[in-house]
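**Student:** Sequence:
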Amino acid sequence: MGKEKGHVSLVVIGHVDSGKSTTTGHLIYKCGGIDKRVIEKFEKEAADMGKQSFKYAWVMDKLKAERERGITIDIALWKFETSKTMFTIIDAPGHRDFIKNMITGTSQADAAVLVIDSTTGGFEAGISKDGQTREHAMLAFTLGVKQMIVCTNKMDDKSVQYKEDRYKEIQKEVADYLKKVGYNPKNVPFVPISGWAGDNMLEKSTNMPWYKGPTLLEALDALEPPKRPTEKPLRLPLQDVYKIGGIGTVPVGRVETGVMKPGDTVLFAPVDVSTEVKSIEMHHEQLAEAIPGDNVGFNIKNVAVKDIRRGNVCSNIKNDPARGCENFEAQVIILNHPGEIQNGYAPVLDCHTAHIACKFQEILTKIDKRTGQEMEKLPKSLKSGQAGIVNLVPQKPMCVEEYAQYPPLGRFAVRDMRQTVAVGIIKKVVKKELVTGKKK
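Numbering follows the UniProt record's numbering, in which position 41 of the sequence shown is assigned residue number 41; successive positions increment by one, without gaps.
Worth double-checking, as some hints may not be accurate.
[To be verified] Distance condition first, Cα-Cα at most 30 Å in a straight line; then the derived DSS-like pairs of lysine-lysine:
no.: 1; residue 1: Lys380; residue 2: Lys366
no.: 2; residue 1: Lys396; residue 2: Lys377
no.: 3; residue 1: Lys212; residue 2: Lys30
Derived by calculation from the structure, the hints in this document are not laboratory data.
Sequences are here, hints too, so could you generate the full structure?
**Tutor:** Here is the structure:
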């Protein structure tokens, strides 16, 4: 039944207050997996609090609050579907760890929806040097999110009044910027919408007869579902390892690339423990194979819980097995660091599920983060807003990969002073030799 539909992961980006929650909420509300009873409950709560005008955003806020409190919400709430495609919204917009999440991304977004506040002053604030619009777009491109839809939102606002000239002005400026970042604006639909009133969301708006392009739903439907990375070698970063009575050791994680089947001999890096997969389970059902995107638990032979841990990477011993690394080269963007980052700096890196201190051994170049061109060789330091190529050395055994080969294992966030100081993409990895003989 639903198997034939393509599946697209969306990330919703844009400046704070651009209307991301309302727009997203509207889609989920109209096409999504939210139970009507839940909606009625939310609507009543919104009305009781005098928040009717936030009906859609309220839905998102409720989901987000529950998600942040660690209540595992039925993930169907974050899905909506069209006749052709099943969509999952990867990250709740406005989340304070948004940039970190986008980079260490629990999954790779296939497309970005950039929501723009079209109101007088609102647009200007979002696109200004300090606004988040540019940074989000640049990050999306750097992270390989190739498809983009732009929504010029709040067209119903008093300062806009559904006017074509305001839409054109915004379209021109945003297209110029997206082009600088690396997108081809010809392939980016600009949809004038009201996430609140519903204009051009699902149906063509009668308020904007001048607009001849697709509705947001049509633009979403035109997105290409990604090619699943099943043909690549297996990579499965461990999220947890459980000991289950009567079964044994059960590592848990999400298959990022490749396929895993019972009977496979797998290797855990960087600890170099190898073993056989006895069985694989997802949602309490046995699987004949696990493919990218599957969150699975798998039972392994003769490995104690203490031998492997979160952050280890499971791979197939016969097909480009994962290795620990000596050092790696990465392109980093400094987001917010009060001083300067110099050689020797050793913060914690979050890369896939690993959380390990790494030393900035040498800053090799400073680059223009708008274009990626080299500006200076061997600079003394990098500071906020700057980007560079850096050689990093893990302070404990760690397994990472080149972003080009295994994207989910090749991007990271740099954490220090309780915030994300920088983000990066791994360009080259010097791997350790495989020392076999630790077979369990």
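**Student:** All hints, please: hold or fail.
**Tutor:** Now the hints, each set against the structure:
no. : hint             : result
1   : Lys380 to Lys366 : 10 Å, holds
2   : Lys396 to Lys377 : 28 Å, holds
3   : Lys212 to Lys30  : 23 Å, holds
When the structure is compared with the earlier hints, no violation turns up for any of them.
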